[in-house]
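So the sequence lines, in the order shown, correspond to chains L and U. Our numbering numbers the first residue of the first sequence as 1 and each following residue consecutively. Our numbering numbers the first residue of the second sequence as 1 and each following residue consecutively.
Treat the hints as calculated values from the structure; they're not laboratory data. Please read all numbers here as calculations on a predicted model, not as lab measurements. Treat the hints loosely; a few may be bogus.
In silico contact screen, one side only, chain U against chain L (beta carbon under 7 Å); selected entries [as the list claims (entries may be wrong)]:
hint : residue
1    : His33
2    : Ile34
3    : Phe62
4    : Arg64
DEER-style ranges, computed between Cβ atoms [to be verified]:
hint : chain 1 : residue 1 : chain 2 : residue 2 : range
5    : L       : Ala193    : U       : Asp18     : 54 to 64 Å
6    : U       : Pro116    : L       : Gly220    : 24 to 34 Å
7    : U       : Gly87     : L       : Trp42     : 34 to 44 Å
8    : U       : Gly87     : L       : Gln377    : 19 to 29 Å
9    : L       : Asp159    : U       : Pro112    : 47 to 57 Å
10   : L       : Ser297    : U       : Ala57     : 20 to 30 Å
11   : U       : Val123    : L       : Gly220    : 26 to 36 Å
12   : U       : Gly104    : L       : Asp159    : 18 to 28 Å
13   : U       : Gly104    : L       : Pro274    : 44 to 54 Å
14   : L       : Gln377    : U       : Pro116    : 18 to 28 Å
15   : L       : Ala363    : U       : Asp83     : 37 to 47 Å
16   : U       : Glu105    : L       : Gln44     : 51 to 61 Å
17   : U       : Ile90     : L       : Trp42     : 32 to 42 Å
18   : L       : Glu230    : U       : Pro116    : 36 to 46 Å
Just so you know, even glycine gets a beta-carbon here, dropped at the ideal spot from N, CA and C.
Okay, here's what each chain looks like letter by letter:
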Amino acid sequence: MNDALLRDLVPAVIAVLVRRGADFASAEDAVQEALVSALASWPQDPPRDPKGWLIATAWRKVLDEMRAGSSRRARELAVHAEPPSGPVPDADDTLALYFLCAHPSLPPASAVALTLRAVGGLTTEQIAAAYLLPEATMAQRISRAKRRIAGQPLDQAGDLGTVLRVLYLLFNEGYGGDVDLAAEAIRITRQLAALVDEPEVSGLLALMLLHHARRASRTGPGGRLVPLGEQDRATWDTALVAEGVVLLQAALARDRLGQYQAQAAIAALHADAPATEETDWVQIVEWYDELVRLADSPVVRLNRAVAVGEADGPRAGLAAIAGLDPGLPRYAAVAAHLHESAGEPARAADLYAEAARSAGSEAERDHCVRQAARVRQLGVASPRSSRDASG
Amino acid sequence: MKYLLLKHYRGGPARVVDFPPMDRWTPEEVDAHIGFMREFAARLEGTGEYVDGQALAPDGAFVRYDGEGRAPVVDGPFAETKDLIAGWMIIDVESWDRAVELAGELSAAPGPGGDPIYEWLEVRPFLTAPSQISE
Numbered sequence: 001m002n003d004a005l006l007r008d009l010v011p012a013v014i015a016v017l018v019r020r021g022a023d024f025a026s027a028e029d030a031v032q033e034a035l036v037s038a039l040a041s042w043p044q045d046p047p048r049d050p051k052g053w054l055i056a057t058a059w060r061k062v063l064d065e066m067r068a069g070s071s072r073r074a075r076e077l078a079v080h081a082e083p084p085s086g087p088v089p090d091a092d093d094t095l096a097l098y099f100l101c102a103h104p105s106l107p108p109a110s111a112v113a114l115t116l117r118a119v120g121g122l123t124t125e126q127i128a129a130a131y132l133l134p135e136a137t138m139a140q141r142i143s144r145a146k147r148r149i150a151g152q153p154l155d156q157a158g159d160l161g162t163v164l165r166v167l168y169l170l171f172n173e174g175y176g177g178d179v180d181l182a183a184e185a186i187r188i189t190r191q192l193a194a195l196v197d198e199p200e201v202s203g204l205l206a207l208m209l210l211h212h213a214r215r216a217s218r219t220g221p222g223g224r225l226v227p228l229g230e231q232d233r234a235t236w237d238t239a240l241v242a243e244g245v246v247l248l249q250a251a252l253a254r255d256r257l258g259q260y261q262a263q264a265a266i267a268a269l270h271a272d273a274p275a276t277e278e279t280d281w282v283q284i285v286e287w288y289d290e291l292v293r294l295a296d297s298p299v300v301r302l303n304r305a306v307a308v309g310e311a312d313g314p315r316a317g318l319a320a321i322a323g324l325d326p327g328l329p330r331y332a333a334v335a336a337h338l339h340e341s342a343g344e345p346a347r348a349a350d351l352y353a354e355a356a357r358s359a360g361s362e363a364e365r366d367h368c369v370r371q372a373a374r375v376r377q378l379g380v381a382s383p384r385s386s387r388d389a390s391g
Numbered sequence: 001m002k003y004l005l006l007k008h009y010r011g012g013p014a015r016v017v018d019f020p021p022m023d024r025w026t027p028e029e030v031d032a033h034i035g036f037m038r039e040f041a042a043r044l045e046g047t048g049e050y051v052d053g054q055a056l057a058p059d060g061a062f063v064r065y066d067g068e069g070r071a072p073v074v075d076g077p078f079a080e081t082k083d084l085i086a087g088w089m090i091i092d093v094e095s096w097d098r099a100v101e102l103a104g105e106l107s108a109a110p111g112p113g114g115d116p117i118y119e120w121l122e123v124r125p126f127l128t129a130p131s132q133i134s135e
C-alpha cells in the first residue's frame, strides 16, 4: 500500500473515532500518531486490513489519553472500547471534517495546515517541511487551530465556499520540501468531489488539473519563470487537460456557474490554443466578464486587462487598468507588458524595474529584472519607435 | 560554526567598481549573475556548508513599542536610508577563514561585461551555546 492510499484513509478513520464518542481534537491527534506508526512499520509488516489497523491503533491511543486525563470521561468511553467493526461512517461524516478544518473562524494558514493533516493525512513533519517551518511551530499552529474550533459540532453542514477557498489556497502554494502541495490539493479535491456532487467542486478540480498540466513548462533552467506566451506547449500534460475539460463541460452543463468554473473555462481556453497568437482571447475576455460578475476583485480586473490587451490591443488593455490601484501585486508587470506591446520599450523597462522591486518572490523578481533588461535593449535597438510612441 | 553573509542594497564601505542597476544590464548578464548565485548555493549544499538563504523586499519599516494600550509606532519606509539589507546566506563552516574565503567567492559574482562586481558582503559569526566540555 502506498502512502497516498494510506493518507486517503485518514479522514474516514477520524470520523469513525468521533462517532464512537471521541472529540475531534483527540481523535485527530490519535490518528496522526497511528499514521506516523503506520508509516514506520507498514513497509516491513503490512497489516491485512489497513483501515481496521488504523482504527484500532488510534482508538487505543484515544482511550490511553482519556485514562491519563479525566477518568470519568474514560469510563464513558470504555463502553465503546470494544465496539463492533461497524458502522462505517458515511460520506457526510467525512465531509463534515472538510467543513470543520476550513472553519471560517480559522486564519487561512491554520485552515490549510489543519486540512492537510486531518483531511489530507500528512504528518506534521511533512507539513512543516512544505512550509519551511520548524516542526514544533507547525504542531503548535495546528493545536491552536483545533482549540479554536473545539466544541464546534461535527454534524453541521458548513459553507462549501470556505472549503474550496482553502483548497485553492493550498493548490497555489505549489512546491515545498519533499511534499508536492499542488498534487496534495488535487488529491484532496478529488476526494471531496467523490463526496459531494456540486458543479463548483468539479470546477475547482478542473481548474487545478488544467493548471497542473502546464506545470513542467512553467519553469525553465535554474528555476526561472517562463510566462505563458513562451511556454513549450508540447510539454503540457494532455491527459490532465482532457480530464479537466471533461469535468468542466459536465459542470457547465448543469447551468450553475461559479467562479471556479469560470476560471477553469479560461484555463481550458489557454490549454486549447496551439500558440498564444491562436488563443481565443475574445472568449477569454467574456469569461473574465463573468468572473467580474461572480467574484469581482482588483486582481480579477487586472488579469482581465491582460486579456483585453490581447483581444483589443494594448491601448484597450491600458484603459482597462486605468482605474486600478497601482499598488496592486503584479500591477507594474502587467502595465509593463501592455506598454511594451504598445511600442513603448523605455516606459515598459522602467515599469518592469518597478515590478522587480515590488515582486513577491525571488523567481518573479528575477523574471522582471530580466524583462527590464530585455526591453531596454529593444529601446536601444529601435530608439525611434520608443520616441514616436511615448507620451 | 555558523556565519551570516549579509548582502546590502546600500551601505557598507564605498563600492570598488561602479555599475548600473541590474535592470540596465543585458539579459545575458542578468542570467549569468543569477546563475552564479544559484550555483554558489548549490555547491555549498554539496559540501555540507549551506544552511539557509533568503532575499528581502526593499520596502519595510522601523517599528517600536509606544506604551501600554497604544498602537506601535511605525517609522518608514525610508526610500533613502543609508543601509538597506537585500538578503542573506547562512553557512556552517570549519573556521572564520573558510567563511571569509566563501564570502570572497560570492563577492566575485559577475556583473556587466561578465566582470566581478567586487560587492562588499558583511560576514558575522553567530553566537553559539557554550560547549559542555569547556566547563
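Verification of the supplied hints:
1. His33: For His33/U, the interface hint is violated, since the closest Cβ of chain L sits about 9 Å away, which is over 7 Å.
2. Ile34: 5 Å, holds
3. Phe62: 19 Å, violated
4. Arg64: 25 Å, violated
5. Ala193/L to Asp18/U: 54 to 64 Å: With a Cβ separation near 59 Å, Ala193/L and Asp18/U satisfy 54 to 64 Å, so the hint holds.
6. Pro116/U to Gly220/L: 24 to 34 Å: Given a distance of about 25 Å, which is inside 24 to 34 Å, the answer is holds.
7. Gly87/U to Trp42/L: 34 to 44 Å: With Cβ atoms ~42 Å apart, the hint holds.
8. Gly87/U to Gln377/L: 19 to 29 Å: 27 Å, holds
9. Asp159/L to Pro112/U: 47 to 57 Å: For Pro112/U against Asp159/L, whose Cβ atoms are near 55 Å apart, the range 47 to 57 Å holds.
10. Ser297/L to Ala57/U: 20 to 30 Å: 23 Å, holds
11. Val123/U to Gly220/L: 26 to 36 Å: Given a distance of about 33 Å, which is inside 26 to 36 Å, the answer is holds.
12. Gly104/U to Asp159/L: 18 to 28 Å: At roughly 57 Å between Cβ atoms, Asp159/L and Gly104/U fall outside 18 to 28 Å, so the hint is violated.
13. Gly104/U to Pro274/L: 44 to 54 Å: 50 Å, holds
14. Gln377/L to Pro116/U: 18 to 28 Å: 23 Å, holds
15. Ala363/L to Asp83/U: 37 to 47 Å: Since Ala363/L and Asp83/U have Cβ atoms about 26 Å apart, the given range 37 to 47 Å is violated.
16. Glu105/U to Gln44/L: 51 to 61 Å: 46 Å, violated
17. Ile90/U to Trp42/L: 32 to 42 Å: 37 Å, holds
18. Glu230/L to Pro116/U: 36 to 46 Å: 31 Å, violated
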